[in-house]
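So the protein lines, in turn, are chains A and B. For the first sequence, this note's numbering begins at 1 and goes up steadily by one. For the second sequence, this note's numbering begins at 251 and goes up steadily by one.
Not one of these hints is a red herring.
If the Cβ cut is set under 7 Å, some of the chain B residues that face chain A in the computed set are:
#, residue
1, 323
2, 324
3, 351
4, 360
5, 387
6, 390
7, 437
8, 438
9, 443
10, 511
11, 545
12, 563
The set of hints was computed from the structure by calculation and includes no laboratory data. The C-beta atom is built at its ideal place from N, Cα and C for all residues, glycine as well.
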Amino acid sequence: MKIIVCLGNVPDTTTKIKFTDDNKKFDSDGVQWVINPWDELALTRAMELKEDSNNSVNEITVITVGTLGTEPTIRKALAIGADNAVRIDAEPIDSYFVAFQLAEYLKNEEEDYIVFAGIESSDYNGSAVGSMLAEFLNLSSISAVSSLEMQGDQIKIFREIDGGHEVVSMSAPFVTVVQKGIAIDPRIPAMRGIMMARKKPLNVVAAVECAPLTEMLSFELPQPKPPCKMIDADNAKELIDLLQNEAKIL
Amino acid sequence: MAVLVYTENWDGRFKKSTYELVSYAKAISDMMETTVVALSIGPVEDKELEKLGDYGVDKIIKISDDLYSVLDNQVYTRVIADVAENEDANVILLSHNNTGKALAPRLSVRLKAGLVTAVIKVPSSVEPFTVCKKVFSGKGFVHLVVLSEKKVLTLSKNSFELVEKKTKPGIEEYSPDFTLGDFKTRVEKVDKQTGKLILTDAELVVSGGRGMKSPDNWGPIEELADLLGAATACSRPVSDEGWRPHEEHTGQTGKVIAPNLYIAVGISGAIQHLAGISSSKCIVAINTDPDAPIFEAADYGIVGDAHKVLPELITAVKEYKSEN
Ligand SMILES: Cc1cc2nc3c(=O)[nH]c(=O)nc-3n(C[C@H](O)[C@H](O)[C@H](O)COP(=O)(O)OP(=O)(O)OC[C@H]3O[C@@H](n4cnc5c(N)ncnc54)[C@H](O)[C@@H]3O)c2cc1C
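The whole structure should be built from the sequences, with the hints applied where relevant.
What follows is the structure, encoded as structure tokens:
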């Protein structure tokens, strides 16, 4: 069985966000690009599953919709341990467009597979691609997945619900939308992995015509916060007073 | 035309976020001069359903067949999409929670309806349909236009006030024709914490970071939370270390919350942590380091040792409670 990990290329989480062109565009000047944090955890879990000889995962493919500029991020995923990569050559216009491209590529997949997608991307916070892809492919999807275990062909998934979780059993093919807990520490590429990554296949395919359904008009930065009101450590009572009478919360 | 709102229930009950969503639906339907139709799936008594009429729902469609008590995203999507078509709904609204995030994208594809998740305000215009949401984990906002005739939106929690608007909605039963075989999702077990306030529902939150030094020091955090009727939360390293359960992890890669009050104790305020809490209405920081970035995000701050400040706060809250 194959695991397909959807990969997002996003600004490093510490990036200072700026906009240009009259606030119509994100300013990518000087931005450090990384694998979307949830996708990195998804890839880590996929690796763990492949390494465990008790199950039948034999291949990990990472797939992304992006321009040439995303290749360093894809190579990083290969260095972490994915076997091969697919880049669909297009600017990711909106979630619908991205999911459509992924579906067009995956609809010809013959082997049994599971798709791992992250619960959101840390740039536009869409929380959409994985579940959209499932609908395009007419596959089941399980979202809010915090753990996925395999025993042979048996797959056990923990899906978060408000105040707890459900244990769900599934059989391939399906899409899982994963979040915190799916893996703890993301893997970091080792020197050997980086050398090997250069030789691994990165298949570039052309995008298919698809009109997006949304359009970003303009961006805005949050209003600066008024300075923090400091309260003396010996006067904790004052805080309660302020919360009650000034902030009107208590 | 109509605005369709999917009103999720938890063991037959609605939550405040349900009414926020309904109020939001009413606001949009007023802008579009149309009606609000609510869809409820699962066993909810009519008395509970009627509460939706406090916030402006014109019609309620209920599916009470037990078959639909398991959330199968594929089946639910078809059901909601069918109702949307029957009701000629142009706008479909869900809460931005686990269920909404699972269903809204599928609905978008099924109905070829442009999707915007985690919206925070009413549209600035409905023609063209323009909405606002946060991007870059709270470090910016974007204004988007939905180009398609149909739209699917999910609404962020605690971003829209409840607006009472009494109506007398009729309740109709609807029976979609799915069978057990259509449900590919098989739930084998449900584990739920009982009696504990759920973090994402909480109006008040007390949160501890690595500055608490050890899991054994959480007593005062829990006591303060108890006294305030608050939920407890923590930073990522704290849950990674296993000091606290994973459900408490807030931040970019954990839970994104928007309570009325967030008290951060021994938390430095890393950008990834702030991403999960910056929508809180009021933030209080307690930290030994006056230069900790958390103070830039906070409304009120105390520079001091948590082990000394927390007991004093607890005493102050007890006094406040005995006076009020
Ligand atoms: C991709 C990515 C995603 C991440 N996602 C998240 C996330 O979702 N959530 C998250 O929280 N972090 C996240 N992080 C980690 C984040 O960068 C910080 O490392 C983390 O938030 C720090 O946790 P902390 O504030 O508890 O600990 P520290 O940064 O160690 O801060 C401890 C604070 O406690 C104070 N302190 C020490 N002793 C006391 C005392 N006695 N009394 C009072 N104060 C005291 C110190 O002054 C310090 O400010 C992420 C990181 C990355 C790279």
